[in-house]
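Protein chains: 2
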Amino acid sequence: MKITKCVIIGSCGHINYALQDIRQYPELTVCGIATADPVDVCSDLNVQITEEFNCRWFDDFRVMLDQLKPDVAIIATRFDLNGPVSLECLKRGINCFTEKSIAHNFEILEELRNTAEQNDALIIGMHGMRYEPEFYAAYQAVKNGLIGKPMLFTGQKSYKFGNDRPDFYRQRSTYGGTILWVAVHAIDWACWIMGEINDISAHHSNAHNFDYGDCEATAVMSFSFANGAMGTINADFYQPQQSKLHGGDQLRIAGNKGIIEVGNKQAFITTHEQPLTELPLEPGEFFADFCRKINNEGKCRLSMQETFRVNEIALQARASADSHSPVNTQVHSFS
Amino acid sequence: MKITKCVIIGSCGHINYALQDIRQYPELTVCGIATADPVDVCSDLNVQITEEFNCRWFDDFRVMLDQLKPDVAIIATRFDLNGPVSLECLKRGINCFTEKSIAHNFEILEELRNTAEQNDALIIGMHGMRYEPEFYAAYQAVKNGLIGKPMLFTGQKSYKFGNDRPDFYRQRSTYGGTILWVAVHAIDWACWIMGEINDISAHHSNAHNFDYGDCEATAVMSFSFANGAMGTINADFYQPQQSKLHGGDQLRIAGNKGIIEVGNKQAFITTHEQPLTELPLEPGEFFADFCRKINNEGKCRLSMQETFRVNEIALQARASADSHSPVNTQVHSFS
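First to last, the protein sequences are chains A and B. Reading the first sequence from the start, the letters are residues 1492 to 1826 in the working numbering. Reading the second sequence from the start, the letters are residues 1492 to 1826 in the working numbering.
Simulated from the structure, these hints should not be mistaken for lab results. Just so you know, not all the hints are guaranteed correct.
Which copy is meant is left open, because identical chains are indistinguishable; a pair holds if it fits in one copy or across any two.
[Unchecked claim] Only pairs whose alpha carbons sit at most 20 Å apart, straight line, appear in this in silico DMTMM-like list of lysine to aspartate or glutamate:
hint, residue 1, residue 2
1, Lys-1735, Glu-1764
2, Lys-1651, Asp-1813
3, Lys-1651, Glu-1764
4, Lys-1756, Glu-1623
5, Lys-1748, Asp-1655
With the rest of the complex left out, here is chain A (with noise of 0.2 Å):
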C-alpha cells in the first residue's frame, strides 16, 4: 500500500475504524490530532491517541491541515461540526473519512459535493457496517440472486442509551437527530443492498427519552424503492441495560426465492430448497480499503456518491418526521 499521512480531528465516534486498519500498516501514518468541538468531548481518548502514535497535537485544526498537508482527515468531531470540519480539509484537497452523518443539513450536503468535485478530492461518511462480516455476507447473498427478487426490506437499530451520553445529544442543533445518527445505519444497508428509495414517511419522538432534551429515543419510517420493494426502518435507544449486545442491530430481506436474516453477529439464509443455513463471513478492511481507492490501488464498499445520497436520504426521512408528511426522494432538496 502507498505511503498514506493521516491527521485525526476530534477522536468522537467510530475512529477505530480507522485506527484498526493503521495499526495493521505501517504505510498508513498518524501524524497529527486536533479537535474541532468547542468543548472537546473525548479528551481522554485524544490524550491517549497522542501517545499511542506519537503524534502532534495541534490546538486548531486548520493549522494542523496547512502543515502537516495529509492525504486524509479522519473526521468524528461533535457530530455538527463532522459537515464544517470536512469542508475545511475539502477545501484544500485533503479527502475525509468522516463521522456519519456528514452533513445535518441539505446546505452543508450540497457545500460538500460542491467542494469534493472542485478540488478533486473524496469524502465518505464511516458507514462502517457495510465491512461488518454478516452484513456483507447479506449483501453478497442478495447480489448473487440466492433469495431471487429481493422486495421486502426491514431493517432495526436499537442502542443502550447507557448514562455517558454526551450533553450535546440534548440539542438538535448539535445531535442532529436520531435519524441521523441511528436509523442512517440502516438506510445505509437498504440503499446499499436494495437500491433506489423512492419516498419515505417517517416519525420520531423525543418522548420518554431518559430527559435528554431533543434527543429522540425512538424513530421509525416505511418506504418504497424504485423497483416496487419497499420496506421499513426502526429505530430506538431503549436496548435494555441487561441485553447482552450494544446493538439491537436486525436486517431481513425476503425476496421471492428465500429470506436472509442478520443479527448476533451471524447471518442465515432460508430458501424455498434450502433450510435455515448460516452464510459464510469474511473480514474487510474499512479504512484500509478507503486508502486504496484514493491511492487507485483497489475499492472500497461505500463511494462518495453513496455518502452523499444516503445522508440526502436521511434528511429528508428526519424532514419528514418533522413534518408529519412523506418526502418525495426524487424531488432534490438543493440543486
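Based on these hints, arrange chain B on the given structure of chain A.
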C-alpha cells in the same frame, strides 16, 4: 356454560378456533352447516364437519338461519362474502364469529355496525392471535408496566404462499388484499397492546407474487399512536417453503424500561434490571370466551368495537397503499 346453538357458514379460514372449543364443551353444539360461496372452496372440510358434529347440511344458509334460529353463526366463507353473510345473520339477531377482516369496504363495515346495534347482536372477527399464549403474555407484560412506557411497536407477519392458495386470491374483489388478510393481525396487536393509531402510511405490491393476479406478496406500513408512540408492520407471502414455521410472526415492543420480543411461540422480556427472561404462557379459549360474553357469563379479549376499529384501520391502510399517500385514521371514512 349456557347451552349455545351454533351453525357454521363456510369452512375457509380459522373455524378451528371455534371447533376446538366446541369439542371441549358439550354445551356448545353445532346444529347446521352451509356455505355461502358460489364456488365452495372447502367442500371436503364441510363433509368432515357435517359428519363429526352429526349436523344438518343446508344448501341455503338463509334457510338454515330461519329454520334453526341459532345463537351464534361461525362464518368463514370466501373472504369477500364474510361481511354480507354476517349482515344476514345480524339482521336476524344472530351473533357472529366471523373470519377477519369482516368487511372488505367501508360501506359494509358501517352496515354491520348499524345492524348489530339495531338488532342487539354481537359480531367479532377471528383475531385469534389474542389467544395465542405468547401474544397474550406480551399484552399482559405491557399492561402490567413491565417495560415502562411502550413507545415502539414492530410487527411482522410472513406466510408461506404454498401451492394451494384458492383461485379467489387472484382478485382484489374476492380476496380483499394482503393488508386485510395478513397484515391485519399485526394491526390488531398494535391496537390491542399499544392503543389508538393516529395515522398510517402504507405500501403494498403484487410484484413477484407467484403469478397470483392482484394478490400482494408484500406490504409495509409505519404509523404513530395517539400517545406519541410509533410503529411499523411488514407482511409478506415469502416465508420459504423450507422454513420450519408456517408464519414468521414476530412482535417487538420497546419501552423506556425494557423490551418484549415474541416469536416462535415464545415471549421474552429484557429490562434494565433483568436479563432475557421467558414470560410464562397461559392458554385461553377464544370461542368459548365469545360464547360466555354473549351469555353474560364472562369476558372476551376482543370486543365488537375493537373488531370494527381494527377493520377500519386495515381498510385505511389499504387505501393508503393504493393511493400512495398517508391516511389520517381519525378522519373516519364513513359517518
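Please write out, lowest number first, the hints stated earlier that are contradicted by the structure. 2
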